[in-house]
Amino acid sequence: MASASSSAPVLEHGVAPLRAGQGISFVLRRLHSLTGIIPVGAFLFEHILISNSTAIGQNGPSAYARQVSFLANLPLVFFLELFGIWIPIAFHALYGFYIWYRGEGNTVSYPWSGNWMYTLQRWTGGIAFIYIVWHTYTMRFTGIDLHDHPLASFGKVQGEVIHTPLFLFYVVGLVAASWHFAYGIWLFSAKWGIVSGDKAQKRLLRACLVLFLALCGVGFASLYSFRSRPVADDDQNRAMIQSHEKPGGQATDRKGAQ
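Per our numbering, the very first residue in the sequence shown carries number 1471; after that it's consecutive.
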């Protein structure tokens, strides 16, 4: 007859999964998981697969400017960005760092694939956060205001990626953000019970890997487009903006748009 105080079963592989906790901890972890998909993940998906894809091809600069102008002229764009992008990103990132701080790395003691994936997800999230903060700061708060002058958007990105260190930083940030989002979809689906069973989860994991490669592919192609075209300096950008703001000009710029 077994003792009532028998010891807990010993795991043969890896470690016990992290628990979502109870009460406020459970709610915060669920919100953290949800914000990683909607709206943060949706924003990343749009930014890479839609906005950045317009930079590819012969009409890349003008197509990219039109996309930036479209986004800048959305109704209530400030509130859309504040409540739909920046607050969710801040919460997802800061609570993610808290989870990372409270967790313990165990890839050496338990070289199990799940532990490596957990560690990789934390590191890619940290790198992606630094990348997003830097990209947002340089694009929105330095140089020409792209909300008012979207025509300068292609040249402004060029001004960064033509420098090899910043180009490599963009590559690393792109890969980190793409992986964090793609694998995050798998984690979200498993955590919320959307996909259950080993076979279904393996199929979803393969689909997420395809999405990761697609995001990287489009991102790399857009970076190549930015680097391979003749570089327009700030004076050329300002001249182009002024020419489109003259009466009778075809304005794709926000101030000249009718």
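Calculated directly from the structure, the hints in this document are not laboratory data. Values in this document were obtained by computation on a predicted structure and should not be read as measured data. Take the hints with a grain of salt, since some may be wrong.
[To be verified] Ranges of calculated distance between the beta carbons of each label pair, as one might list FRET restraints:
1) V1641 to A1512: 32 to 40 Å
2) L1636 to Y1565: 40 to 48 Å
3) G1663 to G1613: 44 to 52 Å
4) I1664 to Q1528: 38 to 46 Å
5) G1493 to R1536: 23 to 31 Å
6) K1661 to V1701: 40 to 48 Å
7) Q1528 to Y1565: 38 to 46 Å
8) P1545 to L1501: 21 to 29 Å
9) P1635 to G1613: 33 to 41 Å
10) W1662 to Y1568: 32 to 40 Å
Where a beta carbon is used, it is the ideal one built from N, C-alpha and C, also for glycine.
Cross-check of the supplied hints:
The hinted range of 32 to 40 Å is not satisfied by V1641 and A1512, whose Cβ atoms lie roughly 23 Å apart. A beta carbon spacing of about 29 Å between L1636 and Y1565 contradicts the range 40 to 48 Å that was offered as a hint. Remark: the range hint 44 to 52 Å for G1663 to G1613 is upheld by a beta-carbon distance near 47 Å. Our hint of 38 to 46 Å for I1664 and Q1528 holds, since their Cβ atoms are close to 41 Å apart.
Between G1493 and R1536 the Cβ separation comes to about 48 Å, which falls outside the hinted range of 23 to 31 Å. For K1661 and V1701, the Cβ-Cβ distance of about 45 Å falls inside the hinted range of 40 to 48 Å, so the restraint holds. As the Cβ distance of Q1528 to Y1565 is approximately 44 Å, the hint placing it in 38 to 46 Å holds. The supplied range of 21 to 29 Å is met by P1545 and L1501, whose beta-carbon atoms lie about 27 Å from each other.
Range check, P1635 to G1613: Cβ separation about 18 Å, and the 33 to 41 Å hint is violated. For the hinted restraint 32 to 40 Å between W1662 and Y1568, the CB-CB distance of approximately 21 Å leaves it violated.
Of the hints listed earlier, those the structure fails to meet are numbers 1, 2, 5, 9, 10, in rising order.
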